[in-house]
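Asks: Residue numbers (the numbering used here), protein chains in the order written: chain G, 1 to 289; chain R, 1 to 774.
Treat the hints loosely; a few may be bogus.
Said to hold, decoys possible - List of simulated lysine-lysine pairs, DSBU-like, C-alpha gap at most 30 Å:
{"no.": "1", "chain 1": "G", "residue 1": "Lys42", "chain 2": "R", "residue 2": "Lys101"}
{"no.": "2", "chain 1": "R", "residue 1": "Lys406", "chain 2": "R", "residue 2": "Lys505"}
{"no.": "3", "chain 1": "R", "residue 1": "Lys269", "chain 2": "G", "residue 2": "Lys42"}
{"no.": "4", "chain 1": "R", "residue 1": "Lys67", "chain 2": "G", "residue 2": "Lys40"}
{"no.": "5", "chain 1": "G", "residue 1": "Lys42", "chain 2": "G", "residue 2": "Lys55"}
{"no.": "6", "chain 1": "R", "residue 1": "Lys67", "chain 2": "G", "residue 2": "Lys190"}
{"no.": "7", "chain 1": "R", "residue 1": "Lys682", "chain 2": "G", "residue 2": "Lys159"}
{"no.": "8", "chain 1": "R", "residue 1": "Lys683", "chain 2": "R", "residue 2": "Lys101"}
These aren't lab readings, by the way, just hints derived from the structure by calculation.
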Amino acid sequence: MYLPDFDYYAPPDLSEACRLLREFGSRAKILAGGTDLLHKMKHEEFTPEVIISLKNLSALREIRSEPGQDLLIGALATQNEIANSSLLQEKYRSISEAAWNMANNQIRHMGTIGGNIVNAVPSADLPPILIVLGARITLVSTEGERTVPLEEFFLGVHKTVIRDDEILTQVIVPAQTTTGSTYIRFGLRKSGALAIAGVAVAVTMEGEICRSARIVLAAAAPLPLRARQAEQVIVGQRVTPGLLEQAGLAAAQESRPRSSIRGSTEYRRDLIRVLTRRALHKAIQKEHI
Amino acid sequence: MTEIQSPGDTYSVIGKSVKRIDGKAKVTGQAKYTGDLKFPGMLVGKILTSPYAHARIVHIDTSAAEKLPGVKAVITHKDVPSQKYGISPARWDENIFCIDKALFVGDKIAAVAAVDEETVYKALKMIRVEYEVLPAILDPLKAMDEDAPLIQADYPHNINTEIHQNFGDVEKAFAESFYVRTDRFVGQRAYQTPIEPHSAISLWDGDKLTVYSSTQSPHYFQYYIARQFGLPLGNVRVLKTYIGGGFGGKLEPTGLEFAGAALAKITGKPVKMFYDRHEMFAHNRGRHRQYMNLTTGVDKEGKILGVHADFLMDGGAYTSLGVASAYYAGALLTILYDFPNYRFDMYRVYTNLPACGAQRGHGHPQPRFAFESHLDNIAHHLGLDPIDLRLRNARKPGTITPNEFKVGSCALQAAIEKARDISHWDEKRKTLSQGRGIGIGLGAFVSGAGYPIYRTDLPHAAAVIKVNEDGSSATLYTGAVDIGQGSDTILCQMAAEAMGYSFEKMNIISADTEAAPHDFGAYASRQTLMSGAAVKQAGEEVKNQLLELAASSFGVPAAELDAQAEIIYVKEKPERRRTFADVAREFFVKKGPLVGKGSYIPPKLGGKFKGAAVGTSPAYSFAAQVTEVEVDEETGEVNLVEAWDVHDCGQVINPALLHAQVHGAFFMGMGESVWEEVLFDKKGKILNANLADYRIPTALDMPQFHSELVDSYEPNAPWGVKEVGEGATTPTMGSIANAIYHATGVRINSLPMSYEKVWRALKEKRERDSRANV
Chain G
1 MYLPDFDYYA
11 PPDLSEACRL
21 LREFGSRAKI
31 LAGGTDLLHK
41 MKHEEFTPEV
51 IISLKNLSAL
61 REIRSEPGQD
71 LLIGALATQN
81 EIANSSLLQE
91 KYRSISEAAW
101 NMANNQIRHM
111 GTIGGNIVNA
121 VPSADLPPIL
131 IVLGARITLV
141 STEGERTVPL
151 EEFFLGVHKT
161 VIRDDEILTQ
171 VIVPAQTTTG
181 STYIRFGLRK
191 SGALAIAGVA
201 VAVTMEGEIC
211 RSARIVLAAA
221 APLPLRARQA
231 EQVIVGQRVT
241 PGLLEQAGLA
251 AAQESRPRSS
261 IRGSTEYRRD
271 LIRVLTRRAL
281 HKAIQKEHI
Chain R
1 MTEIQSPGDT
11 YSVIGKSVKR
21 IDGKAKVTGQ
31 AKYTGDLKFP
41 GMLVGKILTS
51 PYAHARIVHI
61 DTSAAEKLPG
71 VKAVITHKDV
81 PSQKYGISPA
91 RWDENIFCID
101 KALFVGDKIA
111 AVAAVDEETV
121 YKALKMIRVE
131 YEVLPAILDP
141 LKAMDEDAPL
151 IQADYPHNIN
161 TEIHQNFGDV
171 EKAFAESFYV
181 RTDRFVGQRA
191 YQTPIEPHSA
201 ISLWDGDKLT
211 VYSSTQSPHY
221 FQYYIARQFG
231 LPLGNVRVLK
241 TYIGGGFGGK
251 LEPTGLEFAG
261 AALAKITGKP
271 VKMFYDRHEM
281 FAHNRGRHRQ
291 YMNLTTGVDK
301 EGKILGVHAD
311 FLMDGGAYTS
321 LGVASAYYAG
331 ALLTILYDFP
341 NYRFDMYRVY
351 TNLPACGAQR
361 GHGHPQPRFA
371 FESHLDNIAH
381 HLGLDPIDLR
391 LRNARKPGTI
401 TPNEFKVGSC
411 ALQAAIEKAR
421 DISHWDEKRK
431 TLSQGRGIGI
441 GLGAFVSGAG
451 YPIYRTDLPH
461 AAAVIKVNED
471 GSSATLYTGA
481 VDIGQGSDTI
491 LCQMAAEAMG
501 YSFEKMNIIS
511 ADTEAAPHDF
521 GAYASRQTLM
531 SGAAVKQAGE
541 EVKNQLLELA
551 ASSFGVPAAE
561 LDAQAEIIYV
571 KEKPERRRTF
581 ADVAREFFVK
591 KGPLVGKGSY
601 IPPKLGGKFK
611 GAAVGTSPAY
621 SFAAQVTEVE
631 VDEETGEVNL
641 VEAWDVHDCG
651 QVINPALLHA
661 QVHGAFFMGM
671 GESVWEEVLF
681 DKKGKILNAN
691 LADYRIPTAL
701 DMPQFHSELV
711 DSYEPNAPWG
721 VKEVGEGATT
731 PTMGSIANAI
741 YHATGVRINS
751 LPMSYEKVWR
761 ALKEKRERDS
771 RANV
């Protein structure tokens, strides 16, 4: 197996990267961690004529927040940098845990948050937890920049609203009014296995009453799926074990997982029921872990 | 130098966890594997394979590929000998390249040699092959159907191997049984997944061919390469450097040697051939998928009276080692439990899938999974503790199986009892909570096959030891193959022990058909016993020569001397001593090189019936394994909590390496139990030829593991040794299956016992239970 021929650019800064992307458009692919892109190129699923590496854009690796402000995660932050960030561990442990659990160490060293989003595969682990926390993303081109709610970013497998000339530069996680959040994934071994089902939840609790809830499912549809019916089951209600099970059932019903060698539709749907209930239980019990 | 503690009655080298002789080279990265080697002008070669499971080859056009700059040769069946080869002489059914038909996705069509890897890949794409696609058989259960397409012209009904063995009177035994039970089990296609890919570098010097190969057996490679190209054995040198695992998948020629040798001959350059991960899966030779019907009759107390094993195995497109796999599947079922009546029926059928062969434990692990699960079902029906049922039937030492295997040492009963005690079985069987369970499985294996793979009267193993002229070091020359299991280390320990020398001064040259004497190689768990026997003899010959010489200087007969830990001494007066080096130097001055040699031929073994040879061995190992699992009854996730292996493997040469083997064997067995399965699409293409979706376990999946031993000494072996490396894989699947059953009350009859299968079985059980309650 080998990489098909391509022209390679490693621009020194973002503006040059944008210029190159404007020039080559759909003939180019952006290289960040490469954990998905290079694999797909070797299998000829992608055959870009041009690769634009972002390796020199170190400013895009930063994770920072100003007091009382949004949290900013650079698109090139690796999964390990997210998992190990003390800032994230303190304020958004659910994000750092999701990054920690999503892949093995070698992949986490290379894979980036931007890649995990832009690649737009149903089993991606970071989008669901980011969506339930209300994250937005910044897309930059030679025309300027725009901010898009992550929830509105995905259109289908490998399909998003990003234009051929745009680069995802950062993820913005707003200051939270939610009281708890978590992401639970289910893989077919303890490490190094894609999620065959995943559930992210963020809740706002007031005593035993659930004031708001957002539930997003991974590997349950061609794109991260907001489980609105499941949310409606618990919002405004006093939380009981029976209610959480009902929410799980609702999430399972509205999910549309496919059958694959990793799991049948029937199995994945039942996993979604169980994981939804467990994730809700965890997010309600404990704050943002 | 080790101090002699009590001369003559203790061992100074064996029985100790000396450091691996290759450990430093491997951990520092100095160790060169075949793929690391470079030779001046070396080309890279690869094989083009069939994209169709079954297709007639209409035309091959290599012209475009030949014109690509950097391409040095493109070859097809027209450029190589057309005679068939294989590893099982009874069924030579492979060609170097397909001549008329491709028989599976991955079958070898052509090969390219070029200046670099990228050019090779590009050239492969430029070879135009016109195929006429034929109907394929992907389901082994349909292979023998009347209207099934014929895969290999010489094998009607696609039957590759058919076995019908009958010992005693099974029907009568069933008629006299208190309880007769039949269960059906299904295994899966598993793959050895060695970390190091297969590779071979071929170089010609005139009519002499040298092949560096990642192989478990330089000898078989040498034999088959010489045969294929019409060369005397002496004109073919096969050697290996370091090997990153084999597990049975590197025992037979891989095709890389043949294609590489042809390409090297044509181009006049060294050619390196290798498989990438996907190609390794396609070449396969992994575990057969077996369909196993077992019927057993027992008396009221659970004593087994008779067993009928009725099996079918999916062989894939070629024989590989499958004839032996088929015989092993049934032959070894008689080893563990003592029953007089046994019938074994087997069909190994061809399918249009990659050929299956020998994988750790050979044909035995899946039938053992089936039998151990089946026995638990019987215990459950009779209301017996599964361990009590096993103890009631456990084989005793000095017995003969119904298929005429002589079992010498056997500490199975002690192993079962120890496994029961150290796992706190009795308590856990009663107190574990729902979803948590503990199960037992037993295992056994040969310590080397009684007969070689092809018919020959060559000794099974041979060794030479040469002592350096000043006695400061010695080199062991052996054809035995260290594929990671540690044979180089333990054979040096054995050599040093036999010579009265020390391990630290040993060097080894192994697995080189030119530099080292013949040995059949690393398979059937044979080297500790068989290669060890040859090494011991060679070491003793060295020692005896030294004692003879020293006798005159001490003024006593040689019989009154001994040597240990580099000291030659008078047995009755140990203070009268000379160093080994001193005497060895004197020997060289007076008599020339100090060399010892040894060889090993097993005793005549086995019965006279067809297939009687398979399963014969000078000695058998035994194991009891207990596993504790935790099952998430909502998701079906199986978590292995803790496991205990108690082995009867005779005298131990190196405890650290032995326990490492057991850990690895369990790890591999648990992978096949829960995670691993090679999957195909509806056209016979592999869906998961990668380490992401062919899920070998990770370190995180490994439970807390205990490897323990029972006292045992095998009289038919050097220092009483037996095997451990394969035997410890055989009980695992059964022990995990039985633990899952104990945890959940559901019996998973097919491998792997994946999370989804467990989930589905639990769901169906809940549905049955709720219907019953209505």
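Asks: Would you mind marking each hint as holding or not holding in the structure?
Replies: Results for each hint:
1. Lys42(G) <-> Lys101(R): 29 Å, holds
2. Lys406(R) <-> Lys505(R): 39 Å, violated
3. Lys269(R) <-> Lys42(G): With a Cα-Cα distance of about 29 Å, the restraint between lysine 269(R) and lysine 42(G) holds, given a limit of 30 Å.
4. Lys67(R) <-> Lys40(G): 29 Å, holds
5. Lys42(G) <-> Lys55(G): Roughly 20 Å between the alpha carbons, so the hint for lysine 42(G) and lysine 55(G) holds.
6. Lys67(R) <-> Lys190(G): Since the Cα atoms of lysine 67(R) and lysine 190(G) sit roughly 49 Å apart, the hinted pair is violated (cutoff 30 Å).
7. Lys682(R) <-> Lys159(G): 28 Å, holds
8. Lys683(R) <-> Lys101(R): Measuring from Cα to Cα gives roughly 16 Å; hence the hint holds.
Comparing the model with each earlier hint shows violations of hints 2 and 6; every other hint is respected.
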